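J.: Based on the sequences and whatever the hints tell you, model everything.
The sequence shown lines up with residues 19 to 232 when you count with this note's numbering.
Since the hints were derived computationally from the structure, they do not count as laboratory data.
This one's a predicted model, so the numbers in the text were calculated from it and none came from an experiment.
For glycine and all other residues, C-beta sits at the position ideal for the given N, C-alpha and C.
There could be a bad hint or two in this list.
Mimicking BS3-like on lysine-lysine, the simulated pairs with C-alpha atoms at most 25 angstroms apart in a straight line are [claimed, not checked]:
1. Lys122 x Lys34
2. Lys178 x Lys158
3. Lys215 x Lys42
4. Lys35 x Lys200
5. Lys117 x Lys35
6. Lys42 x Lys122
7. Lys121 x Lys42
8. Lys34 x Lys214
9. Lys122 x Lys154
10. Lys178 x Lys122
11. Lys24 x Lys42
Quick list of the computed label-pair ranges, beta carbon to beta carbon [what the hints assert, rightly or not]:
12. Gly184 x Lys24: 39 to 47 angstroms
13. Arg217 x His151: 37 to 45 angstroms
14. Gly208 x His64: 19 to 27 angstroms
15. Lys34 x Pro193: 21 to 29 angstroms
16. Glu38 x Asp94: 35 to 43 angstroms
17. Glu210 x Val60: 16 to 24 angstroms
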Amino acid sequence: MNKMIKIRSEEETDYKKVEEITRKAFWNLYIPGCVEHYLVHVMRCHKDFLPELDFVIEVDNQIIGNIMYTRAKLIDESGKEKDILTFGPVCILPEYQRKGYGKKLMEHSFEQAVALGYDVIVIFGNPGNYVNHGFKSCKKYNVCLENGTYPAAMMVKELKPDVLNGRKWVYYQSPVLEIDEKEAERFDEGLEGLEKKYRPSQEEFYIHSHSIIQ
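T.: Put into structure tokens, the structure is as follows:
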């Protein structure tokens, strides 16, 4: 039976449901527990949040995933700033993963980002989840952190060809992505109890997040 799939903007009535889905999708994935649902909660009222790029995906009228974007910037060697995007959290409920829903959601958001005039996205994540969607190592685009390093987990996607022009860029993300872990724990205390435990994916995340490309 064909499922009815719909991608639409998140509405205020979706907020709690989206936070629940985010929590389920990330729980014990990168650390015991997670903080991504708290990030979703605080991101919406931050000045760098882009409601125009805040989407949910529905299957048979039920929300199964979402993607959210914030503003970021690149600064080249001459000091010129370039406004860009980063997304995250992006998630699909575990039982719907590996079925193409995340791809549909991301591709829709890319089209809308271009329509808004953006041409570059920088993200941090597991490369295995993103290289099939056109993301490449930050080193290939000469995009580094302020300390000059090229993290293995940092990837870049040009929404329009050659917009980075081979120049050297330093990436700066929105301060909203710097999570206060104590506040996240306090937020989590008011939610349904879930067991925190170790999963092998946490070690994979540690390796990716601490690896630097020379």
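J.: Compare the structure with each hint and give your call.
T.: Status of each hint after checking the structure:
1. Lys122 x Lys34: Distance of about 23 angstroms is within 25 angstroms: holds.
2. Lys178 x Lys158: 16 angstroms, holds
3. Lys215 x Lys42: Measuring from Cα to Cα gives roughly 14 angstroms; hence the hint holds.
4. Lys35 x Lys200: 23 angstroms, holds
5. Lys117 x Lys35: Answer holds: Lys117 to Lys35 is near 21 angstroms, not above 25 angstroms.
6. Lys42 x Lys122: With Cα atoms ~20 angstroms apart, Lys42 and Lys122 stay inside 25 angstroms; holds.
7. Lys121 x Lys42: The given pair, whose Cα atoms are some 19 angstroms apart, holds under the 25 angstroms limit.
8. Lys34 x Lys214: 21 angstroms, holds
9. Lys122 x Lys154: 19 angstroms, holds
10. Lys178 x Lys122: 19 angstroms, holds
11. Lys24 x Lys42: 21 angstroms, holds
12. Gly184 x Lys24: 39 to 47 angstroms: 40 angstroms, holds
13. Arg217 x His151: 37 to 45 angstroms: Roughly 24 angstroms apart at Cβ, these two residues miss the hinted range, so it is violated.
14. Gly208 x His64: 19 to 27 angstroms: Roughly 21 angstroms apart at Cβ, these two residues keep to the hinted range, so it holds.
15. Lys34 x Pro193: 21 to 29 angstroms: At roughly 25 angstroms between Cβ atoms, Pro193 and Lys34 fall inside 21 to 29 angstroms, so the hint holds.
16. Glu38 x Asp94: 35 to 43 angstroms: Holds: the Cβ-Cβ distance is about 41 angstroms, inside 35 to 43 angstroms.
17. Glu210 x Val60: 16 to 24 angstroms: 19 angstroms, holds
Taken one by one, the earlier hints fail for this structure only at number 13.
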